[in-house]
Amino acid sequence: MSFAAENICWKIRSKTVLDGVSFTVRPGEMLGLLGPNGSGKTSLLRLMAGLKRPHAGRVTLEGEDLQAIARRRVAQRVAFVEQHATTNASLMVEDVVRLGRFPHRGLFSSWSGEDEACVEHALAHAGMAHKRRDRWQTLSGGERQRAHIARALAQSPRELILDEPTNHLDVQHQMALLALIARLPITSIIALHDLNHAALFCDRLVVLKEGRVVAEGTPEAVLTEALMRSVFQVEARIAPSLYHGRPHIQFLPG
Amino acid sequence: MRQNRRSFGQALLAGAPFLAALAAIPFVIAISVGIGDLPIPVTTTFLAITNRLGWTAATLSRIHETVIWDYRLSRALVAAFCGAGLALSGAIMQSLLRNPLAEPYVLGISAGASTGAVGIVILGIGSGVASLSAGAFVGAFAAFLFVALLSNGTRGGSDRTILAGVAASQLFNAVTSYVVTTAGNAQQARDVMFWLLGSFGGVRWPEFMLVSVVVSLGLVACLAYARVLDAFAFGDEAAAALGVNVGRARLTLFSITALLTATIVSMVGSIGFVGLVMPHAARFVVGPLHVRLLPACAIGGAIFMVLADIAARVLIPQQVLPIGVVTALVGVPVFSVILYRFQRGA
Chain A
1 MSFAAENICW
11 KIRSKTVLDG
21 VSFTVRPGEM
31 LGLLGPNGSG
41 KTSLLRLMAG
51 LKRPHAGRVT
61 LEGEDLQAIA
71 RRRVAQRVAF
81 VEQHATTNAS
91 LMVEDVVRLG
101 RFPHRGLFSS
111 WSGEDEACVE
121 HALAHAGMAH
131 KRRDRWQTLS
141 GGERQRAHIA
151 RALAQSPREL
161 ILDEPTNHLD
171 VQHQMALLAL
181 IARLPITSII
191 ALHDLNHAAL
201 FCDRLVVLKE
211 GRVVAEGTPE
221 AVLTEALMRS
231 VFQVEARIAP
241 SLYHGRPHIQ
251 FLPG
Chain B
1 MRQNRRSFGQ
11 ALLAGAPFLA
21 ALAAIPFVIA
31 ISVGIGDLPI
41 PVTTTFLAIT
51 NRLGWTAATL
61 SRIHETVIWD
71 YRLSRALVAA
81 FCGAGLALSG
91 AIMQSLLRNP
101 LAEPYVLGIS
111 AGASTGAVGI
121 VILGIGSGVA
131 SLSAGAFVGA
141 FAAFLFVALL
151 SNGTRGGSDR
161 TILAGVAASQ
171 LFNAVTSYVV
181 TTAGNAQQAR
191 DVMFWLLGSF
201 GGVRWPEFML
211 VSVVVSLGLV
221 ACLAYARVLD
231 AFAFGDEAAA
241 ALGVNVGRAR
251 LTLFSITALL
261 TATIVSMVGS
271 IGFVGLVMPH
281 AARFVVGPLH
291 VRLLPACAIG
301 GAIFMVLADI
311 AARVLIPQQV
321 LPIGVVTALV
331 GVPVFSVILY
341 RFQRGA
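Chains A and B supply the protein sequences, listed in that same order. Counting from 1, one number per residue, gives the positions in the first sequence under our numbering. Counting from 1, one number per residue, gives the positions in the second sequence under our numbering.
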């Protein structure tokens, strides 16, 4: 019962983006959020991070309405990795990761040993320690994404929300990133496009279609050939992988 | 251990150039005081100040002391604080709006202040400096509110704020021109013109008291927000995700810049380009983190403005150029160089 969406509705102007979305994230699990483009994944993640106030329903953290909790307190335990967040400031990777300590520091408190340890830990985890002195403008898309992940980890979150974090990464870094998140002893919600990655790494999946939850459960229960057809409009054959035992989806040419 | 050593090393590294630059301010002010129809040596200026503070008892010519105390020193000090305040305002706006073009001049706050002051001059309401400043102050805040409303309060995106600022500039400049052409006589129009381009001609100790207090408090308040400003690097949403109360931070910081700008413009007229150029130059030297950027802007702005005032007085013999002309003439080439290098770096 740590983190849940309760009957959330959200509109952008008069268009309904999310329509009565409810689900619960279990402590420590990695929850995959799936759905076609425009199904409301990004909006849902923003609401879960408390960045927007739902038009109806609520997001609860330990039973408390997220909107009733001070922003700083939310940020002390919930970290959010946006898509495409960039800057024109010529910050070093280290500076970006240090931003993650913002919610934990008082107005005039100096940089502590604990802050430094969190930053070091986050840089090492995200594989960016050797790039710490590099300027933001010189980083590749994948390095920027990893810098953001390191920043989020430096926040020492208990809940981590990631919006398509593997977007700009090559396959090696996609796998490394997902394995890292799966290993972390924290709760995570992660929007993904690659269904095989979702099957391989996530504990449970929630599938959105046109702003509604159409399936929820383990990858084995959720990823069916019927769902591929009805939600993603593709033909596929799904069987447990010989190598890792998780469902493996083979798409068929239309 | 490692942490201690590094923070000490960093502090030393960060502190030395700041102290050097800070120490340069009294010297440029002393040079500024020395220049004029009656040249005064730098040593005389320093002795006049230490005499007044009771540290020394050197005998100086009475005329020198009068010129230093009653005219030139207050002028140079006001120039320094105005430069610091404008550069600081520019840095805050550029960071908050994440737009390299943002500054009080571009966002119409200076134009609003001009309109307010010009309205007072032409309409002849009240008398003297006090009502003029009050008018400029009201005008600056009117422009600020106009921009805030047009850009949808504090929730609007930064592009909207810039566009609203451009609209505000146009509107208030048009109102100023309208008032000047319809209501004024030739002499008033000339006075207004001079004032629109900025001038340190009329400032004395009361102005110094006001501007020094406002700019110092503004700098302290902004420094308290230095980390919050850093958190805005990746946009409003990222700042909110880091725990920043975005609406309150924006309102507070914009109010501080509006207050700074209104105070300065109501005193010395609208002076462009300092707020635009100085933050870029400072970022080049000390990097983008605001704990260092804001003091660097304040120090750089102060030195730049005192030097610009010197240039305004010596470029043409027997005549004083409007300060806004000098800052633009110096600022635009400097800005071009920055833009050019920025392009190559990106």
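For the record, the hints were derived by calculation from the structure and aren't laboratory data. Worth double-checking, as some hints may not be accurate.
[Stated by the list, open to error] Heads up, simulated EDC-like pairs for lysine to aspartate or glutamate below, C-alpha to C-alpha not over 20 Å straight-line:
#1 K131/A - E159/A
#2 K52/A - E237/B
#3 K52/A - D19/A
#4 K11/A - D70/B
#5 K11/A - E210/A
#6 K209/A - E225/A
On a predicted model such as this, the values are computed, not experimentally measured, just so you know.
Hints, one by one, checked against the model:
Of the pairs offered as hints, the one joining K131/A and E159/A is violated, with about 26 Å between alpha carbons and a cut-off of 20 Å exceeded. Note on K52/A and E237/B: the hinted pairing holds, with a Cα-Cα distance of about 9 Å set against a maximum of 20 Å. For the suggested pair K52/A and D19/A, the alpha carbons sit about 15 Å apart, so the restraint of at most 20 Å is met. For the given pair, K11/A sits about 64 Å from D70/B by alpha-carbon distance, which is inconsistent with the 20 Å threshold.
Restraint check: the Cα-Cα separation between K11/A and E210/A comes to about 12 Å, which is no more than 20 Å; the hinted pair holds. For a cut-off of 20 Å, the pair hint linking K209/A to E225/A stands: about 16 Å separates their Cα positions.
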